[in-house]
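Chains A, B, C and D are the protein sequences, given in the same order. Under this note's numbering, read the first sequence as residues 1 to 338, first letter to last. Under this note's numbering, read the second sequence as residues 1 to 297, first letter to last. Under this note's numbering, read the third sequence as residues 1 to 657, first letter to last. Under this note's numbering, read the fourth sequence as residues 1 to 155, first letter to last.
There's no promise every hint is true.
[What the hints assert, rightly or not] Residues from chain D shown here face chain C by an in silico Cβ test under 10 Å; the list is partial:
#	residue
1	F22
2	N25
3	G36
4	V46
5	V48
6	K50
7	E67
8	G88
9	A92
10	K125
11	V127
12	K139
13	L140
[Claimed, not checked] Ranges between beta-carbon positions, derived for each pair:
#	chain 1	residue 1	chain 2	residue 2	range
14	B	E120	C	E648	52 to 58 Å
15	A	Y71	D	P142	43 to 49 Å
16	A	R177	C	R30	55 to 61 Å
17	A	A121	C	E602	44 to 50 Å
18	C	K607	A	P285	22 to 28 Å
19	A	P226	C	P2	49 to 55 Å
20	D	E135	A	A121	47 to 53 Å
21	C	K607	A	A69	44 to 50 Å
22	A	Y71	B	E120	56 to 62 Å
Bear in mind the hints are in silico, worked out from the structure with no lab data behind them. C-beta: ideal position from N, C-alpha, C; glycine also.
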Amino acid sequence: MADKFLKRENLGRLIDSVRNGGARFVAPAIDARQAVYRAISGADEVTWDYILPRNSFKDYLFPQTEVVAEYSIGEGGVEIRGRELSPKDTVVFGSRPCEAASLASLRSVFTWDSVDEFYTAREDKTTVVTVACTNGDEACFCTTVGLSPESVAGSDVMLRETADGDFSVTAITGRGRGFLSAHSAAFEDSGSGSAQKPLFVPEKIEGVDISRIKERLARKEHYDDPVWAGLTRKCIGCGACTFVCPTCHCFDIIDEGTAFEGERRKNWDACQFDSFTLHASGHNPRDAQFKRWRNRFMCKFNFYPNKFNSRGCVGCGRCIRVCPVRLDITEVMEEMSR
Amino acid sequence: MENAVREKAKGLLTSGEVKVVIGWGWNRNGTRTTPVFITRPEDAGRLVWNPLCVNNLSVYLTRKFKDIQALGRPAIVAKGCDIKNIAVLVSEAQVKREDVYIIGVTCDGVVYRQELWKGELTPNIMPTKCHNCDVRNPHIADCVIGDRSGFVPPEAPAGMVFDRIKALDAKESAQRWEFWIKEFSRCVKCYACRQVCSLCYCERCITEKNMPQWIETSAHPRGNLSWNLTRAMHLAGRCTFCGECERACPVNIPLNLVNQKLITVVKDAFDYRSGYDASAHPPMIVFSPEDKENFIK
Amino acid sequence: MPRIGVFVCQCGNNIAATVDTKKVAEEMGRLPGVVYTCDYKFMCSSPGQEMLKQAIKENNLDGVIVSACSPHMHEKTFRKASEAAGLNPYRCEITNIREQCSWVHHDRTKAVGTVKSMDLTRMTIQRLKKNRPLDKIRIPVRKRALVIGGGIAGIQAALDIAEGGREVILVEKEPSIGGNMARLSETFPTMDCSQCILTPKMVEAELNENIKLYTYSEVEKVDGYIGNFTVRIRRKSKYVDEERCTGCGECIEKCPFKVESRFELGLAKRKVIYTPFPQSVPNVPVIDAPNCPKIQKDRCGVCALVCGPKCIDFKMEDRIETVEVGAIVVATGYQLMPNARFGEYGYGRIKDVINGMQFERLASSSGPTGGEIRRPSDGKVPDSVVFIQCVGSRDEKKGVSYCSKVCCMYTAKHTMLYHHKVHGGKAYVFYMDIRCAGKRYEEFVRRAIEHDGAMYLRGRVSRVYERDGKVIVQGADTLSASQVEIEADMVVLATAIVSRDGADTLAQRLGIGYDRHRFYNEYHPKLKPVETVTAGIYLAGTCIGPMDIPESVAQGSAAASKVLALFSADEMSREPITALVNKATCNACWDCVTACPYSAIEKDAVKNRQGEIVRRLARVNDGVCQGCGVCVAACRSKSIDLKGYTDEQVFAAINAF
Amino acid sequence: MGEHTEHTQTTGNSSEPRIMAFVCNWCTYAGADLAGTSRMEYRPNVRVIKLPCTGRIDPLFIIKAFENGADGVLVSGCHPGDCHYTTGNYHARRRWIAFKNLMEFVGIDMRRLHFSWVSASEAIKWVDLINNVTEEVGKLGPFMEYKGLGAQAVE
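Isolated chain A, as found in the complex:
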């Protein structure tokens, strides 16, 4: 049962309320003909016409590039100063259920041994307001990985669009309830009574069996299976899929600056790049693109589930949409279900 209702025209009020509280309001906006998550200042910037924004909102929890320390080299040698992190409260509005489900995955990987505060401190301050999907496309496959437009995992607040364009609002977590009460002025207690818009539920891909995939990946023989090369030799080795993926988390640490001072940065990396796992000797255990692609698949369906007990793939389909050679992960999933 809905806790509150949000009139579409009151979104501005919500944004103002959030921003007046000192928080950042992140929502899909159109940039270069694409819906993109962006920190916005008014309702007119927000777009409703999207399936999923081009980027994942992990950008706001795990930025593509961030300074983690500064260094200077002087008379006394090298001096390193850590970067104090004081993340802003952030509201991510308009997330989809699939990518909200990725939060647990990211958290698991950033906390499994030591805690990466650069991630956790941000996540702790983030409220995820999800809008259940009323449209989608052929790349969507959440149902195939066990999620659906109604999944609430990772969301603090869940919105369902009604036929007249307003939203019924349900708090999922304590943080969500806090959010509703903090910004109560933006919400209505009762709605117009209009029916909920039907959700877009992608058809489950018949040939895919996640448990069978896991089983198959657990057996080492698959490494030499020619099926890998056959399916993925068209991969050109760019990092587009990993950079839009809500669960991809690889990063690289680099130093940038002059000879005397500079900063240490944490930058996204991608397992698809040909320098991934390249050893200083010149040897690379993953010396062909299909091996790197296999690694990505393993990460999603073996490493994440087995090592962190979390899901590696949420079925958002971004990697399929963005791939320059239309390499469709579900086709590989199907093959690996055999």
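Once you've looked at the hints, dock chains B, C and D against the given chain A.
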């Protein structure tokens, strides 16, 4: 025509003249084309040819794809524009002409992006290159499939890319700077532009050289600018305007503008057009004592 | 951490007046890796150098910076001193704080100079941290020379090298050495008979044990680099066995066929088996195969019948010989501009219009007329001769832009020879300027005018035509501002000296530069006049540009002295500033190969144990590379770098800006 | 020489434009040396990096110089035809033609990027060049547009 491509591929594979045919096929749902590698004659039926066949498959001829090379001598289904890239690869000794069988397909244009396809090829969904194409009948090929195109490109190149370049050129430099910094600031350094480009065949890209690290790997505007400037320079005199980089860019950076700008510069300054002559030296590694400029004081 | 020493020179007051050297030294001492600094009055003095050496040893320095004058001044000095103290010389760098700082910024408060000196020194320190120790390149030298061209310059070079005790191969494409000089009658300004001074040299060249004459031969291919060239030479078939031929001349005597003589420039005929001229060296005839009926149609064969030693072989074929040499002297000479271009002077149309070289043949006692001046059309001794100078020279429109340099002198000589041989004959000379700068040259021309009565007219000829067996020359005399018309019996054109046909092809084979007239480029027109940019290849004579005999001879000797200097040691050593390919990342696109101005980069390959090529890559030939770095900027994957100016070094310097 | 001294500033003021010059060893560097031996005076804003030949200059150098805070960049070498390595500057000229047009297209103010031929004997030209470039870049002020690029990262 599609059948002719299939028959040709089948014949080549059956005779053993080639070991793999690189072409386009459908994805599972039959909604998008995707590169396919046909190694058995009986699979030749998977090949397709239609206006969705946008990918420039010549990238698969480069040394980066060792496992494709390991399959044996390739045949490649190629549009005229794709063949331009093969010509550059040959001129830069990356591919020997005799080592690849080119199945040229005549072409009436392709879509700019597959998402735009609504079942019919209309001029407004075609990229600028198609509007100005002078290689609709493949200029270098071992065989050409399809009816001869009678298309005559306009004398003065036209299309959105040219219009936008003209508009930018007319602006103040500060406005151009603002425009490009905004465009490049979206760059996520996924290097899809590089990976999809058959002329970016370096096994170790300059971005991956870290002693010294000329191009900062960070995706901040400074690192993005140096990457995009360097990419453009490395393609100066070589780029054939196939448009793959812009198509592959997940953040819609208008790379075609930079590419075409330099193509025009090279054409005007050195009277060179890339991709037409596989025996020509790329213009940026040769010179003429008569090269004209007016800015070196 | 590196251990760097920074030495700041005061250069007396030259630097210290506007730079606080003490402060520079102190500030540099704060930089990471700098363990020793000082400033000193004169770093280049003996005590200064001693101090440097001492400091290197005592502080165990692994690199030194000397902030002082321009590296063009004392880089060598300080690198040598560093080496003496056990440091690799390339771990010593100079910061230029004099020519480019203290001397150009006159701020007496020292603020400007000190700041800039510190910046520059800091940049050099960072650069030095990336300097790798380098070793001088040592190249073995093959002590045999190749001389291309058997004219006077080539003969002189060959003789001098041979005198110096080294082997020489002298390649000449004609059947005899001698070149253009062999055609000349007398030579200015001494009026020596050309043959009389040339022939002994030719014979000397033939007899010298160190000289191998390859006449009737051409260079087809040149590989390698200084000290180690491999040259492919085509030895054209003479159809006469050189070893056995005695030079008796019986074959020539009996040969029934005659064709026009190239040597005589169309003024006479020669036999089909021939020597170009009587004094030919070697004195071995050759058969002019295209004109020989025996070779073409298997008819005749008289020469073989009369040959005593039976050394004629109609089946003889060209031979390819490959020789290895350490140095090459190019002395391929010149030719005259084809006069056909100058229709207004009637050349080719009017028989009695000839060029200067043809006049030389007429005046030569071994020439077609036995030294009598007779005009070609009817053999008449001309009563008057018009000489026209600057035909093609100094004429950007129809000819060449440059002055052919020797025509003023030889025209004066021609008027004298004509006057001496045809008493009462009248010589007219149309000239633009008289250029006779040279020892006794001015006097020579004055003699022609004053003693031998040559009539010099300053002006151009507009038209030459025939009338009643006379050649009418119309022209302007600008000094008297009048039009003149001269009824002459003969006209001699001083046509321009131009480079030889095929000069460009040979230059490309050799990898040397040439100008738009296809004359070869010296390394430096003043300071390296006989060297080329390709180390080990030298130039002599008119292949560089028009010059006279003494100059050509001097250049032959100069080139020879360069060769002998190169051959004086078993190895030569070179600065190790050369390019280096990263084998792991080279794409084998050959951009560097194309871009290299010296053809110093080769296409190489890595093979596996089975001998199959597993990857291709570029390889720099250290012997040829001059260290310009064009390849480095051309390489997209940055797989080639320039030692001494590596990307890391440049990057470090920029980064310390 | 008087004319060449009038612009000369006498302070090491940090708001002065900072200019990086990439010059070839044989012509321009020697020309700059000659200016020194002739005791000509010019503005002190330029920091020279010596390379064997302009053909060695990679556009990356210029980009890096701007990244490192240069307000202006100057590239100079032997006149066409005078290259110590015969053709290095011809190669350089081609690259510059492309690179200059590219830089212009992305909106770099061409008053910040200068190309010149200065021979070993053209000390006066070098002096005028440095003074003019300094003047021009000085008028534009610090290259804040470029310097600011690093800071704009997404938080």
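Here is how each hint holds up against the structure:
no. : hint                           : in the structure
1   : F22                            : holds (9 Å)
2   : N25                            : holds (8 Å)
3   : G36                            : holds (3 Å)
4   : V46                            : holds (9 Å)
5   : V48                            : holds (6 Å)
6   : K50                            : holds (8 Å)
7   : E67                            : holds (9 Å)
8   : G88                            : holds (5 Å)
9   : A92                            : holds (8 Å)
10  : K125                           : violated (14 Å)
11  : V127                           : holds (8 Å)
12  : K139                           : violated (20 Å)
13  : L140                           : violated (18 Å)
14  : B/E120 with C/E648: 52 to 58 Å : holds (56 Å)
15  : A/Y71 with D/P142: 43 to 49 Å  : violated (24 Å)
16  : A/R177 with C/R30: 55 to 61 Å  : holds (58 Å)
17  : A/A121 with C/E602: 44 to 50 Å : violated (58 Å)
18  : C/K607 with A/P285: 22 to 28 Å : holds (26 Å)
19  : A/P226 with C/P2: 49 to 55 Å   : holds (52 Å)
20  : D/E135 with A/A121: 47 to 53 Å : holds (50 Å)
21  : C/K607 with A/A69: 44 to 50 Å  : holds (48 Å)
22  : A/Y71 with B/E120: 56 to 62 Å  : holds (59 Å)
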